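Student: So the chains spell out like this:
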Amino acid sequence: MFKIVKRETMADDTVVLNEIEAPRIAAKARPGQFVILKANETGERIPLTISDLDPERGTITVIYMVVGKSTALFQTLAVGDGYQDVIGPLGKPTDIEKLGKVVCVGGGTGVAVLFPITRGFKEAGNEVISIIGARNKDLLLLEDKMKAASDQLHVCTDDGSYGHKGFVTEVLKDVLDNHKADLVVAIGPVPMMKFVSKLTYEYNVKTLVSLNPIMIDGTGMCGGCRVSVGDETKFACVDGPEFDGHKVDYDGLMQRLNAYAQEEKAAYEQYCRLHQTD
Amino acid sequence: MTQKASKKEKIPRQPMPEQAPEVRRRNFEEVPLGYSPETAVKEAQRCLQCKKPACVTGCPVEVDIPGFVGQIAEGHFENAIQTIWGKNSLPAICGRVCPQEIQCEGECILGKKDQPLAIGNLERFVADRAREEVACEFPAKAAPTGKKVAIVGSGPSGLTVAGDLLLKGHEVTLLEAFHKPGGVLVYGIPEFRLPKEIVACEVAGLEKLGLRIECNNVVGRTVSLDELFEDGYDAVYIGVGAGLPKFLNIPGENLIGIYSANEYLTRANLMKAYRFPEYDTPLAKGKNVAVLGAGNVAMDSARTAMRLGAEKVRIVYRRSRDEMPARAAEIHHAEEEGIEFYLLTSPIAFVGDENGRVVQMKCLQMELGEPDESGRRRPVAVEGSEFLLDCDLAVVAVGADANPLLTQSDPEISLNKWGYIIADPKTGKTTKKGVWAGGDIVTGQATVILAMGAGRDAANSIHDYLTIGW
Ligand SMILES: Cc1cc2nc3c(=O)[nH]c(=O)nc-3n(C[C@H](O)[C@H](O)[C@H](O)COP(=O)(O)OP(=O)(O)OC[C@H]3O[C@@H](n4cnc5c(N)ncnc54)[C@H](O)[C@@H]3O)c2cc1C
Ligand SMILES: Cc1cc2nc3c(=O)[nH]c(=O)nc-3n(C[C@H](O)[C@H](O)[C@H](O)COP(=O)(O)OP(=O)(O)OC[C@H]3O[C@@H](n4cnc5c(N)ncnc54)[C@H](O)[C@@H]3O)c2cc1C
Ligand code: SF4
Ligand code: FES
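The listed protein sequences correspond, in order, to chains Y and V.
With the numbering used here as the guide, the letters of the first sequence map in order to residues 1 to 278.
With the numbering used here as the guide, the letters of the second sequence map in order to residues 1 to 470.
Hint data in this document are derived by calculation from the structure and do not stem from the laboratory.
Source: prediction; values computed, not measured.
For every residue, glycine included, the Cβ atom is placed at its ideal position computed from N, Cα and C.
Watch out, some of these pointers could steer you wrong.
[Claimed, not checked] Covered by chain Y, according to a simulated footprint, are these stretches of chain V (three or more residues, beta-carbon under 8 Å):
#1 59 to 65
#2 108 to 114
#3 258 to 271
#4 279 to 292
#5 369 to 383
So that you can see chain Y by itself, here it is in the shape it has in the complex (with noise of 0.2 Å):
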C-alpha cells in the first residue's frame, strides 16, 4: 500500500492534494513525469501527473480534480489510507534546459502539472514569465507557488473575480507583443491548449503542451493513450506526455477522450447515489 500523508483541499473541495509516501518515484522523478495509481481491487488506473516531490522523506503530491467515479473514489481516501498501487514514474521528463525567456501558461488544474516544470525552467537559470487562469477565484490553483517560481505571474479569471478577466490567451498575445520568448509552454484543458497554440503559431514560438488522453498501462504497451502528432501517431505515455503543440491533432484528442463518454456517466451517476456525496 502506497500511504497517504498528507491531504488538502482546494477550489471549493472540487480540488484535491495527496501526498504519497513512494520513495522508489521520489527518487527517481523529474518535472513532466506522471504516475498511475489505483484505489483497490476494483480500482481503474488513473494517471495523474507528479505535481511535486520530496526525496528526503520519500513522497511525490498529486493534485487532482474530482471529475468522474475514479477521483470521487480517491477523494474518499483519507491520511493513513492508501492507494493499492502507484506506478512510475512514467513518461519523458520535460526537456529542461537554459533558453532564455521561458512562458509559463497554465489553466485550471493544468496548474498542478505546470508547476514542477516552472520551477525547473526558473532553477536552470530562465526568466520565467507565468500565466495561470481558472474559472473564478476560487477554482486557482497553487498562485503563491507559481509566484515563487517564475520571475513574473500573470492571473486571469474568466469571469473577472481575481486578476485579469478573461482567458490566457488574451494576456498571453500582450507577453508575446512584449518580449521575444523562447519558448511557451502550455498546459490546461484541450481547447486551451489548442488555442495557445494558434496563437504562438502566428509569433513563431515553440510550443510545448503536456496530453492527457486515456491510459492504461503508461508504458506502451496498449496503444489506448494514442495521438496524431504532424503526419505520426505517438503514444502519449511512453513519447509524451509532452509533445510539439503546433503539430497535436487537438480535435482528434478531444473525440477520443469521449469515447467512453456514457460508460463513465453513468458509473458516476451510480457512486454518487450509492454514497450520496454531493
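Given the structure of chain Y, go ahead and fit chain V with the ligands onto it with the hints provided.
Tutor: Using the frame of chain Y, we list chain V with the ligands on its own:
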C-alpha cells in the same frame, strides 16, 4: 504385441466435456470442463508406450510423456504429476494453451491412422488434480547460496526462471510492471480459456518457495538495470515479453472503437471490464465487431467480444484458412460460438461518423498468388473488389513487436534490427555481463512453452554463473 496394440487402438480418443456453445458464448467461465479420473485412465490406456516415443521429440521441453501417461493408466496420479514437474513446472497452463497439434500430439504415432493421444488433456487432468485434491509435496530446496537474482517480467519465462533458481537455493525477486503477476497469462489470455485462479495458484506456490514479488516496478523507469546491481543483485533475467502492439497503419485507425488486441484484452482480463461497473474500467461493447488477424490473440479477442454481447463478430484475415496461425482448438471453438470468418479479406481503411466513432471498414477481396519468403502463398488484391463492412468496434490483432521501454534504457544490451534482445540461444546470455534474457523479448511473440524452455536454459546458465563464473 501387435495384437495387443491393435486392440488398444479400438478405444476412441476420449472427447473433452465442454460447456455447450450456445451457453458459453455469453459467459466467461472456462469452456472445457476437464476429464474425470475414469475418462483420463481410459484415454491413457490408448497409449502404445512406444520405445522411441515420437511425442517427446515434439515437446519443446521433452516431458516424459509415455512415463506420465503410463502412470495415469495405472491410476498413480500423484506419480504422474511428479514426472511432468521434472520437465515442466506449469502443466495446468501448458495443458490448456500449448499448440499440441503441432507439438506432442502432432508427432504421436496413433495419429497416423487414428486420432492422436489427447496428451494436452491428460497433462491438464493431472495438474488440475494435483492443485485441487492432492496436497502435493513441493520439491526440496537446495541449501541457501546467498546469491540474489532479479527477474524482470512475470510471464511464463520469468516464472520458470524463478522456480528453478529458488530450488537451487538462490534468493529470487520478481519485478513486474503491472499490478498483478502473470504476464500474458493474466492480461492477455481470457478467463474462459485459462482461469486466472490457476495462474494465481502457480504464483502462490512460488511464493511458498520463498519468491519475493514486487509489482508496480517498471524496470527502465522505476529502477535501471545498473541500479539493480547496485542494490546487491548478482544476476538479472529479462523476460519482458513482446509488449508493443502492431497497428495496420491504415487511414482512420485512431477513431474511437478501434483497439489494439493488447488494450482490448487488458481491459477485459486484467482490469475485468467484463464486470463493469462492479470493476471501474470500462470497455466499449460492439454490436458489429471486426477482429483483424487470425492467431490465438485474434480468437481470444473475437470470443471476448461475443461474450460481451456482440450481435456479429467477424474474423477478418487476408490469407486463407490454411494459414491461420491459431491453435486448432481455438478456431474450432470460435466457429462453434458463431464467429464468422472473412478470409482473403484485407482492410484498407476505417470510416467514422461525425463524433469520430468507427462505423464501417473498407476492405479488399484477396486471392492467393505466388509463395512468399515464408513459403506461404502471398495474398494479392482482386481488382475492383472493394467493399464496406459495418463495424462499430474493431480489434487489431496482427501481432506484437518488441517494447523499447526497458531495452533502450541500457546501451550495453545489444538488440537485433527488430529491437529484440540478442541472447545466446543455448544459455540466454545477453551482451551485458550478469544479464540474461528469454521468451518473447528474444524470439518475438511465440508460445508459452518456448518462453518456459528459454527460462529453464537461462536458469541453468545463471546457476553456473553464480556458482562457477561467467
Ligand atoms: C499523463 C496524464 C496526466 C494527468 N494529470 C492529471 C493531474 O495532475 N490532475 C488531474 O486532475 N488530472 C490529470 N489527468 C487526467 C485524469 O487522469 C482524469 O481526470 C481521470 O482519469 C478521470 O477519471 P474519473 O474516473 O474520475 O473520471 P471519468 O468520469 O472516468 O472521466 C472523466 C474524464 O477523464 C478522462 N479519463 C477517464 N479515464 C481516464 C484514464 N484512465 N486516463 C486518462 N484520462 C481518463 C476521460 O476522457 C473523461 O473525459 C492526467 C491524465 C494524463 C493522461
Ligand atoms: C492474447 C494472447 C493469447 C495467446 N495464446 C497463446 C496460446 O494459446 N498458446 C501459447 O503457447 N501461447 C499463446 N500466446 C503467446 C504467449 O502468451 C507468449 O508467447 C508468452 O506469454 C511469452 O512469455 P514471456 O514470459 O516471454 O512474456 P509475457 O507473458 O509477455 O510477460 C512479460 C511480463 O513482463 C512485464 N514487463 C514488461 N516490461 C516490463 C518492465 N520494463 N519492467 C517490469 N516488467 C515488465 C509485462 O507486464 C509482463 O507481465 C498468446 C499471447 C497472447 C497475447
Ligand atoms: S508441454 Fe506442451 S508439447 Fe509438451 S507434452 Fe505438454 S502439451 Fe505437449
Ligand atoms: S497507456 Fe497503453 S500505450 Fe500508453
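Student: For the region 108 to 114 of chain V, do at least 3 residues have a Cβ located nearer than 8 Å to some Cβ of chain Y?
Tutor: violated (count 0)
Student: Are at least 3 residues of the region 279 to 292 of chain V within less than 8 Å of chain Y when you compare beta carbons?
Tutor: holds (count 5)
Student: Per the coverage rule (Cβ-Cβ under 8 Å, at least three residues), is the region 258 to 271 of chain V covered by chain Y?
Tutor: holds (count 7)
Student: Mind checking, does the region 59 to 65 of chain V have 3 or more residues with a CB under 8 Å from chain Y?
Tutor: violated (count 0)
Student: How does the coverage statement for the region 369 to 383 of chain V fare against chain Y, requiring three or more residues with Cβ below 8 Å from a Cβ of that chain?
Tutor: violated (count 0)
Of the numbered hints listed earlier, those contradicted by the structure are 1, 2 and 5.
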